[in-house]
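Engineer: Protein chains in written order, with numbering that gives the first Met the number 0: chain F, 0 to 305; chain P, 0 to 325; chain Z, 0 to 334.
Just so you know, these hints were derived from the structure itself, not from any lab. Don't take every hint at face value.
Claimed, not checked - Calculated lysine-lysine pairs in the DSS-like style (CA-CA distance at most 27 Å, straight line):
(1) F:K63 to F:K105
(2) Z:K85 to F:K131
(3) Z:K200 to Z:K307
(4) P:K22 to P:K281
(5) Z:K85 to Z:K129
(6) F:K33 to P:K123
(7) F:K33 to P:K33
To be verified - Over 10 Å on every C-beta distance to chain Z, these chain F residues come out as not near it, computed from the model:
(8) I115
(9) T132
(10) A199
(11) L268
(12) I287
To be verified - Here are the in silico distance ranges between beta carbons for each label pair:
(13) Z:G27 to P:D83: 15 to 23 Å
(14) P:S125 to F:G130: 37 to 45 Å
(15) Z:V275 to P:E116: 39 to 47 Å
(16) P:T205 to Z:P301: 51 to 59 Å
(17) F:G130 to P:H101: 55 to 63 Å
(18) Z:E67 to P:G199: 56 to 64 Å
(19) Z:E67 to P:A203: 21 to 29 Å
(20) F:R264 to P:E18: 53 to 61 Å
(21) Z:T82 to F:S192: 54 to 62 Å
(22) F:S192 to P:D83: 41 to 49 Å
(23) F:W27 to Z:V28: 44 to 52 Å
The beta carbon of each residue, even a glycine, is placed where N, CA and C say it ideally should be.
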Amino acid sequence: MSSHRPTSYLEGISAVDDAPSAAAATLWTDVWRKMRRDKRFWVAAALITMFALMAIAPFLFFTKDPQACPIVDFAQRPSRQHWFGTDILGCDYYTRVIYGARTSFKVGLVVASVTIAIALTLGSSAGYYAGKTDMIASRIADILFSVPTLLGAILVLTLFHGGGALIIGLVIAFFGWPDMFRLVRSTVISGKSRGYVRAARTMGSPGRTILRRHVLPNGIAPVLVFAAYVIGGAVGAEAGLTFLGVGLRLPAISWGLQLAVADTRFPELAYLMVYPSLFLCLMIGAFILLGESLRDALDVKLEPND
Amino acid sequence: MTDQVLAIDDLQVEFRTEEGVVKAVDGVGYALGKGEVLAVLGESGSGKTVHARAIMRILDSPPAFITNGTVRLGDIELLTLDEDDMREVRGSRVAMLFQDPHTALDPVFTVGDQLMELLRERRKMSRGQAREESLALLQRVGIPDARDRLDAFPHQLSGGIAQRVMVAMAVALEPEVLLADEPTSSLDVTVQAQVLELLGSLVAETEMSMVLITHNLAVAVGLAQRIAVMYAGRIVELGPARDVYTTPKHPYTAGLLRSIPDIQVREERLPGIAGSPPNLLKLPTGCAFSPRCPLADDRCRTEVPAFFAVGPDRWSACFHPDEVQR
Amino acid sequence: MSAGDSMLETRDVVKHFPLNDKVFGSSGVIHAVDGVSITLREGEVLGVVGESGCGKSTLSNMIMLLDEPTSGQIYFRGQDTATFTKDERFVYRRQVQMVFQDTFGSLNPRMTIQDVLTEPYTLHRDVVPKEQWDDKVRELLALVGLDPTHANRYPHQFSGGQRQRICIARALALDPQVLVCDEPVSALDVSVQAQIINLLKDLQQRLGLSYIFVAHDLSVVRQIADRIAVMYLGEVVEYGDEADVLLHPSHPYTQALVSALPTADATGAVTGKRIVLSGDLPSPANPPEGCRFRTRCWMAQPKCEAEKPALIDRGTGRPAACHFVTSDPAAPAAF
Chain F
0 MSSHRPTSYL EGISAVDDAP SAAAATLWTD VWRKMRRDKR FWVAAALITM FALMAIAPFL
60 FFTKDPQACP IVDFAQRPSR QHWFGTDILG CDYYTRVIYG ARTSFKVGLV VASVTIAIAL
120 TLGSSAGYYA GKTDMIASRI ADILFSVPTL LGAILVLTLF HGGGALIIGL VIAFFGWPDM
180 FRLVRSTVIS GKSRGYVRAA RTMGSPGRTI LRRHVLPNGI APVLVFAAYV IGGAVGAEAG
240 LTFLGVGLRL PAISWGLQLA VADTRFPELA YLMVYPSLFL CLMIGAFILL GESLRDALDV
300 KLEPND
Chain P
0 MTDQVLAIDD LQVEFRTEEG VVKAVDGVGY ALGKGEVLAV LGESGSGKTV HARAIMRILD
60 SPPAFITNGT VRLGDIELLT LDEDDMREVR GSRVAMLFQD PHTALDPVFT VGDQLMELLR
120 ERRKMSRGQA REESLALLQR VGIPDARDRL DAFPHQLSGG IAQRVMVAMA VALEPEVLLA
180 DEPTSSLDVT VQAQVLELLG SLVAETEMSM VLITHNLAVA VGLAQRIAVM YAGRIVELGP
240 ARDVYTTPKH PYTAGLLRSI PDIQVREERL PGIAGSPPNL LKLPTGCAFS PRCPLADDRC
300 RTEVPAFFAV GPDRWSACFH PDEVQR
Chain Z
0 MSAGDSMLET RDVVKHFPLN DKVFGSSGVI HAVDGVSITL REGEVLGVVG ESGCGKSTLS
60 NMIMLLDEPT SGQIYFRGQD TATFTKDERF VYRRQVQMVF QDTFGSLNPR MTIQDVLTEP
120 YTLHRDVVPK EQWDDKVREL LALVGLDPTH ANRYPHQFSG GQRQRICIAR ALALDPQVLV
180 CDEPVSALDV SVQAQIINLL KDLQQRLGLS YIFVAHDLSV VRQIADRIAV MYLGEVVEYG
240 DEADVLLHPS HPYTQALVSA LPTADATGAV TGKRIVLSGD LPSPANPPEG CRFRTRCWMA
300 QPKCEAEKPA LIDRGTGRPA ACHFVTSDPA APAAF
């Protein structure tokens with residue numbers, strides 16, 4: 000066939016520059032592009048950054064000494080000297096509320112890291128190796144599932160007579176990990192039947208390497224979204240537990256504590272309730288917004304345009 | 000053209016994506032006569048499926064947009080119908096048959112339920128009548144033990160039987176035109192033959208017209224009177240099936256013919272077509288096929304060939320139709 | 000090892016999957032593979048053809064040691080794979096590699112092509128030292144006809160045919176002796192299928208590989224296989240040289256398969272008498288007694304149910320599992 004170009008190994012390359020989509024190099028840049036355009040992301044990012052700064056460097060916010068509580072100043076309404084007024088002990092309320100962010104953040108991070116750690120290890124093992132590992136892990140998770148997180152936490156914390164942010168975080172995580180465990184487990188179960196996992200097995204790749212290299216990175220998306228919700232939920236849980244009296248105690252600074260006190264002095268000192276509630280809502284809301292925008296951005300169709 | 004049933008002119012469909020605008024269908028037009036089978040042949044990116052969905056108006060919009068064209072079914076213009084009227088047309092005048100029967104059938108309802116629902120809603124039959132008619136339809140499409148199958152769930156059916164059920168549902172309302180989108184591609188070879196025979200006999204009996212979308216040239220030649228070959232959203236060749244098969248007038252058609260392995264012959268090297276299927280986001284200037292074409296010259300690379308007649312009832316979008324060797 | 004020696008051999012390999020639903024079948028198992036004995040000789044391509052439910056994919060899985068046979072043995076170069084130590088198994092994975100049907104699903108979307116091709120080297124660290132990885136990647140890409148500068152791209156940036164080339168390159172990274180190709184071109188466009196078939200053929204000859212080529216498309220198998228095993232419902236029904244099996248099929252199922260190919264001659268006329276099989280594929284949970292094909296066979300007799308036809312040569316020059324095999328080429332589907 001004289002008119003026919005001789006075929007060669009380079010048949011795979013066409014004469015035209017063969018870069019189908021030089022855009023969207025990685026899937027994460029795709030995700031980032033979507034998030035960048037989502038207003039919710041920016042609102043959430045701004046709020047979370049602000050709260051993070053409050054937690055790390057509260058002095059940036061013109062706070063006073065949180066422990067300086069001249070009793071003589073007690074229960075003053077908001078004024079120029081005390082922007083949020085003073086609480087019943089005479090402390091500058093604005094400072095106390097700002098410092099409350101640190102506690103909430105601490106608890107949120109403890110809960111998130113412990114939950115993710117447990118859920119990832121147990122969930123991937125249960126999902127990938129199935130069999131006995133799965134049976135045991137799932138049964139434990141089921142038992143804990145049957146206990147409502149807050150109720151269980153209240154029970155345990157009552158035994159502990161309350162505790163610091165670390166203890167509370169651990170207790171919340173203890174009752175809360177089954178949720179994420181289930182998510183990781185089902186993600187791993189569906190992930191392990193992927194073609195590239197099969198290919199890795201034919202290469203002789205051991206299970207833990209497959210999990211690390213193939214299954215988890217491709218399944219991490221919903222876990223990240225869930226993590227955002229977990230942090231938000233943890234912040235709320237701590238506040239709730241503290242409010243009920245089983246969480247942090249004085250001299251700890253927590254919005255939950257502030258709300259508990261504000262509750263007893265409502266409605267005469269109504270302002271006491273406003274500020275911690277507002278901050279609490281904003282912080283929880285910020286994490287939820289982050290989760291939402293992350294979830295929508297991750298809703299990428301991974302199929303090519305065939 | 001005796002009794003034109005479907006006439007499409009300059010149909011254009013765009014997909015507006017993150018990465019840019021993709022012209023999935025770029026000026027497709029043809030006419031379909033009563034009882035005629037037209038095969039639309041193409042590979043991925045050709046636009047063959049998108050054009051059929053555009054006719055049925057079942058494209059997701061966004062991201063797809065029908066930006067131009069007319070689709071005349073008898074005396075109605077389909078593209079400008081409002082949704083309620085279009086819903087009336089779907090199924091009863093134009094029906095579509097999909098590739099994978101198991102994704103098109105609802106797994107939680109029995110076959111009988113799905114057929115009966117169709118008949119009761121659209122042809123206003125009573126329960127008893129619908130059941131009778133459903134049974135008749137299943138028998139018509141050659142399903143053995145039809146009475147038992149009425150109460151079967153889709154997952155209990157093999158691929159071939161499920162596809163026959165799909166055919167039954169497609170022709171239940173006696174449409175004038177059937178758009179069959181790769182109806183046998185997901186079936187085993189021995190079953191493909193059966194389903195193709197079924198389609199052929201239905202067309203012959205009822206004078207229903209059919210647009211058979213496929214990538215398999217031999218399937219096309221076996222069933223169709225005319226073949227339209229699509230590439231990168233356009234029809235690049237159109238003509239009587241035998242003629243297109245024996246003397247193609249477009250190098251892509253010729254390339255396709257050469258790519259098909261023949262069980263009779265063991266080739267040292269299958270000629271095939273060089274290069275990769277077109278990237279609709281980055282089409283070359285000039286003829287979309289030029290990068291892969293053995294006949295391409297400078298004109299081909301700068302000018303887009305028009306779709307013009309190269310003989311009676313023969314069209315090609317190529318500057319060198321007579322140099323094409325099979 | 001001389002050419003023609005047994006590379007891979009399955010002896011009476013059986014795989015049964017337990018059925019949870021005891022309603023179907025007396026034994027409550029799916030007979031995915033029921034006594035398959037085939038041999039891949041060194042330097043040859045063995046085609047395994049059949050339709051859905053025939054067990055060819057299950058067979059490939061077992062050959063790749065991804066699944067254990069319920070009974071039967073798999074021999075690699077004369078050694079029973081069941082006796083492999085952990086190390087021997089690991090080495091086996093280097094020597095027998097696989098190419099899959101799904102080009103997109105076989106590649107981790109988060110890994111660049113560079114990562115994909117060097118992954119085997121991260122597992123088998125003694126094969127190629129790290130300094131040579133880049134060179135190896137370039138070499139592999141060139142071998143399969145891809146531009147080496149594209150190594151830093153991601154799978155979704157390539158077309159289906161290109162992705163399959165990447166998968167082939169990955170399979171060759173460890174210098175295997177055997178490639179098990181499981182429907183490697185079925186998901187590709189026709190124009191690209193030809194390229195990949197050509198590539199596989201060239202590689203086989205250049206690198207002296209042996210292939211097990213699993214497919215359902217007979218005309219594709221014709222182009223590349225030296226010998227063919229035809230499978231139906233977990234068993235081999237015909238086995239022999241490709242030209243013999245495909246052009247002069249002895250077993251009625253093979254005849255039906257061949258005749259079902261939509262073929263058109265040079266004038267566009269549909270040729271050959273198309274055998275249309277009656278009935279449906281029986282459930283692998285409840286295969287028919289005796290000859291499994293008899294429920295759809297036009298020649299079926301009482302003997303077929305009473306006595307299971309063995310896979311032996313009945314005068315046609317190659318094994319066929321049918322009582323009524325003739326060497327008479329005037330059987331249906333004469334070309």
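Engineer: Now look at each hint and say whether the structure bears it out.
Structural biologist: Hint check results:
no. : hint                         : in the structure
1   : F:K63 to F:K105              : 21 Å, holds
2   : Z:K85 to F:K131              : 23 Å, holds
3   : Z:K200 to Z:K307             : 37 Å, violated
4   : P:K22 to P:K281              : 10 Å, holds
5   : Z:K85 to Z:K129              : 24 Å, holds
6   : F:K33 to P:K123              : 48 Å, violated
7   : F:K33 to P:K33               : 49 Å, violated
8   : I115                         : 19 Å, holds
9   : T132                         : 20 Å, holds
10  : A199                         : 7 Å, violated
11  : L268                         : 55 Å, holds
12  : I287                         : 27 Å, holds
13  : Z:G27 to P:D83: 15 to 23 Å   : 52 Å, violated
14  : P:S125 to F:G130: 37 to 45 Å : 54 Å, violated
15  : Z:V275 to P:E116: 39 to 47 Å : 31 Å, violated
16  : P:T205 to Z:P301: 51 to 59 Å : 41 Å, violated
17  : F:G130 to P:H101: 55 to 63 Å : 31 Å, violated
18  : Z:E67 to P:G199: 56 to 64 Å  : 46 Å, violated
19  : Z:E67 to P:A203: 21 to 29 Å  : 52 Å, violated
20  : F:R264 to P:E18: 53 to 61 Å  : 59 Å, holds
21  : Z:T82 to F:S192: 54 to 62 Å  : 29 Å, violated
22  : F:S192 to P:D83: 41 to 49 Å  : 43 Å, holds
23  : F:W27 to Z:V28: 44 to 52 Å   : 45 Å, holds
Checked against the numbered hints above, the structure breaks hints 3, 6, 7, 10, 13, 14, 15, 16, 17, 18, 19, 21 and satisfies the rest.
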